[in-house]
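Enquirer: Based on these hints, arrange chain C with the ligands on the given structure of chain B.
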Amino acid sequence: MGADLRTLNPIALWRGLFGSEVNGSDRIVPPTGFTAQLTLFSAGAMAFLAVFALALALATGRLAERWSSDLAGAVTIRVSAPAGEQEARVQSALQILRTTPGVGQPRQLPPEELAALLEPWFGPDMPVDALPMPALIDLPVESADFDPEGLRLRLEAEAPGSVLDDHTEWRRPLIAAAKRLKFLGIVSLILIAAASAAMITLAAKAALAANGQVIRVLRLIGARDLTIATAFVRRFTRRAAAGATVGTAAGMLGIAILPSAEQAGGFLTGLGFQGLGWLLPLTIPLVAAAVGFFATRWAALKMLEAVR
Amino acid sequence: MIEMRDVGFGYQGQAELLSDMNLSLQAGMFHFLTGPSGAGKTTLLRLCYGDLMPSSGRMSLFGEEPRSLDRDAVADLRRRVGVVHQDPQFLDHLPVAENIALPLTIAGEPVDMQAMRDLLGWVQLQGHARALPPSLSGGERQRAALARAVILSPDVVLADEPTGNLDWEMSMRLMQLLIELNKSGKTVLVATHDLNLIRATKAQVTARVLRISGGTLHLAGADL
Ligand SMILES: Nc1ncnc2c1ncn2[C@@H]1O[C@H](COP(=O)(O)OP(=O)(O)O)[C@@H](O)[C@H]1O
Ligand SMILES: [Mg+2]
Numbered sequence: 001m002g003a004d005l006r007t008l009n010p011i012a013l014w015r016g017l018f019g020s021e022v023n024g025s026d027r028i029v030p031p032t033g034f035t036a037q038l039t040l041f042s043a044g045a046m047a048f049l050a051v052f053a054l055a056l057a058l059a060t061g062r063l064a065e066r067w068s069s070d071l072a073g074a075v076t077i078r079v080s081a082p083a084g085e086q087e088a089r090v091q092s093a094l095q096i097l098r099t100t101p102g103v104g105q106p107r108q109l110p111p112e113e114l115a116a117l118l119e120p121w122f123g124p125d126m127p128v129d130a131l132p133m134p135a136l137i138d139l140p141v142e143s144a145d146f147d148p149e150g151l152r153l154r155l156e157a158e159a160p161g162s163v164l165d166d167h168t169e170w171r172r173p174l175i176a177a178a179k180r181l182k183f184l185g186i187v188s189l190i191l192i193a194a195a196s197a198a199m200i201t202l203a204a205k206a207a208l209a210a211n212g213q214v215i216r217v218l219r220l221i222g223a224r225d226l227t228i229a230t231a232f233v234r235r236f237t238r239r240a241a242a243g244a245t246v247g248t249a250a251g252m253l254g255i256a257i258l259p260s261a262e263q264a265g266g267f268l269t270g271l272g273f274q275g276l277g278w279l280l281p282l283t284i285p286l287v288a289a290a291v292g293f294f295a296t297r298w299a300a301l302k303m304l305e306a307v308r
Numbered sequence: 001m002i003e004m005r006d007v008g009f010g011y012q013g014q015a016e017l018l019s020d021m022n023l024s025l026q027a028g029m030f031h032f033l034t035g036p037s038g039a040g041k042t043t044l045l046r047l048c049y050g051d052l053m054p055s056s057g058r059m060s061l062f063g064e065e066p067r068s069l070d071r072d073a074v075a076d077l078r079r080r081v082g083v084v085h086q087d088p089q090f091l092d093h094l095p096v097a098e099n100i101a102l103p104l105t106i107a108g109e110p111v112d113m114q115a116m117r118d119l120l121g122w123v124q125l126q127g128h129a130r131a132l133p134p135s136l137s138g139g140e141r142q143r144a145a146l147a148r149a150v151i152l153s154p155d156v157v158l159a160d161e162p163t164g165n166l167d168w169e170m171s172m173r174l175m176q177l178l179i180e181l182n183k184s185g186k187t188v189l190v191a192t193h194d195l196n197l198i199r200a201t202k203a204q205v206t207a208r209v210l211r212i213s214g215g216t217l218h219l220a221g222a223d224l
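Those protein sequences? They're chains B and C, same order as listed.
Here the working numbering is used: the first residue of the first sequence is 1, the next is one more, and so on.
Here the working numbering is used: the first residue of the second sequence is 1, the next is one more, and so on.
Careful, some of the hints might be misleading.
[Unchecked claim] The following label-pair restraints were derived from C-beta to C-beta distances:
(1) B/Leu202 / C/Asn22: 46 to 54 Å
(2) C/Thr216 / B/Arg308: 22 to 30 Å
(3) C/Arg5 / B/Arg27: 41 to 49 Å
[As the list claims (entries may be wrong)] Far from chain B, some chain C residues (derived; all Cβ distances over 12 Å):
(4) Met1
(5) Glu3
(6) Leu23
(7) Arg71
(8) Gln114
(9) Asp118
Bear in mind the hints are in silico, worked out from the structure with no lab data behind them.
All of these numbers come straight from a predicted model, not from anything done at the bench.
C-beta atoms are modelled at their ideal positions from N, C-alpha and C, and glycine is treated no differently.
This is chain B alone, in the form it adopts within the complex (with noise of 0.2 Å):
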């Protein structure tokens, strides 16, 4: 048995850790009290709070994804002018957008798309025409070349009266600051982790300390240190998943019951798992059994040291 868990061969590493134990191996080492409930705690709450972090990274990831493509879609120039002069400002707008890298053709709104515009601002009956209105021209934008500021600047020197109304301006520094949440949620998964390895080890080495007299008695009688350690390493790793389980479902649960979008709206609501995205906390009792494992192997490897 001792050797499936010296191998990585998945299988052989699954029989050794969760197959039922040959002759009862397991019981070498006492009960091994609080640190089982400390173990099983800590897995809990930390699964539970991998939970969230990786819903705020995906979340957040995905908010930042919508608003930069957003802002990759269309800008307007308003082109305002006394009477008589507008059709050439224009044409001088035009002339300057049909040259302008990363954009596609410009087009100018015609009068009913305009006048369709401010319906809802004035009504049905409003004669449009006898206003005096700006012409409006949509610019797609196809690639990130288009650079806002220069054609502003542009617009400025080349076509007075031509404004370019870049309605997504305000998100740039809301997509930075997405992005860097995504970030603190990549980040806080990596301090759970940590965290949780931290804890592991501490409760597996007080688990060790406190059966000093047993492994000193395994090794007297010519148990090897793997045959020892993995006696230990099985306990923590079973605990670290099954805590690990609940705390994910938990936390699982608390999201799937969030109020939906409709209900609510805003970013808040946006916290949460979509389509496959639910099976990637499903990943977190598994990483907890890895933690477990990889945490006690070491500290009880590295305690036998002192055992000869």
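Expert: Showing chain C with the ligands alone in chain B's frame:
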């Protein structure tokens, strides 16, 4: 199987306790190791199962130089040497029978229930199979330790003051078991400071007596 040539040993940071020791355990022979308390009997036994490493000289355990053994090899060596410690320790959370079977468990070998019953009967612990070690008397502990020491059928059995805490009758019962082991072909080495025990045993079995005095090992004369 266990050989020493000019072996010396001193505990860390202390002067050499034992020096220039020459020893060759004879296969199938009953040996005593004697000497006053504090002479180094326990120390010499610990050298014999890889618990301590000699500071000087050459030593061979089943053909291997102990200093060249890695930790797994030391563990394997201990399965070939049955040891009854001066104050035998058990896993107090496991019943006596499981403690005796422990060498099999950690070697990953199956426990033969009939052989187990025979062994418990031999050391007269049938009635204590399910008891926990802390409930055993001194003599019962020594016999449980002896059963545990022989369950893997080692070539050599080392016993460190096995009768140290026992009355005379109980001591003789335990010596009887060691004599039986020796008669079945095992090499036996018993450390004791009790000369009466040695005399009583020699009435039943031919024994070599080794004595530690003046920090080294001597073959004792015929008077013992
Ligand atoms: N672990 C140790 N560290 C230092 N000195 C020790 C240790 N064990 C024993 N000694 C010393 O070595 C000497 C021999 O001890 P020991 O081998 O136990 O003698 P014996 O078994 O013959 O009574 C004693 O003086 C003892 O104090
Ligand atoms: Mg002693």
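Enquirer: Determine for every hint whether it applies to the structure shown.
Expert: To see whether the hints hold, each was checked on the structure:
Checked against the given bound of 46 to 54 Å, the beta carbons of B/Leu202 and C/Asn22, roughly 50 Å apart, stay inside it. In this structure the supplied range 22 to 30 Å holds for C/Thr216 paired with B/Arg308, their Cβ-Cβ distance being about 24 Å. Roughly 43 Å separates the CB atoms of C/Arg5 and B/Arg27, a value that falls within the hinted 41 to 49 Å. No beta-carbon of chain B comes within 12 Å of the beta-carbon of C/Met1; the shortest separation is about 16 Å.
With a least CB separation of 21 Å from chain B, C/Glu3 remains clear of the 12 Å interface cut-off, as annotated. With a cut of 12 Å on Cβ distances, C/Leu23 stays outside the contact zone with chain B, its closest approach being about 21 Å. Look at C/Arg71: its CB is around 6 Å from the nearest CB on chain B, not clear of 12 Å, so calling it non-interface is violated. The Cβ of C/Gln114 sits about 16 Å from the closest Cβ of chain B, beyond the 12 Å cut-off, so the non-interface label holds.
Distance to chain B confirms C/Asp118 as a non-interface residue, since its nearest Cβ pair spans about 19 Å, more than 12 Å.
Hint 7 from the list above is the single one not met by this structure.
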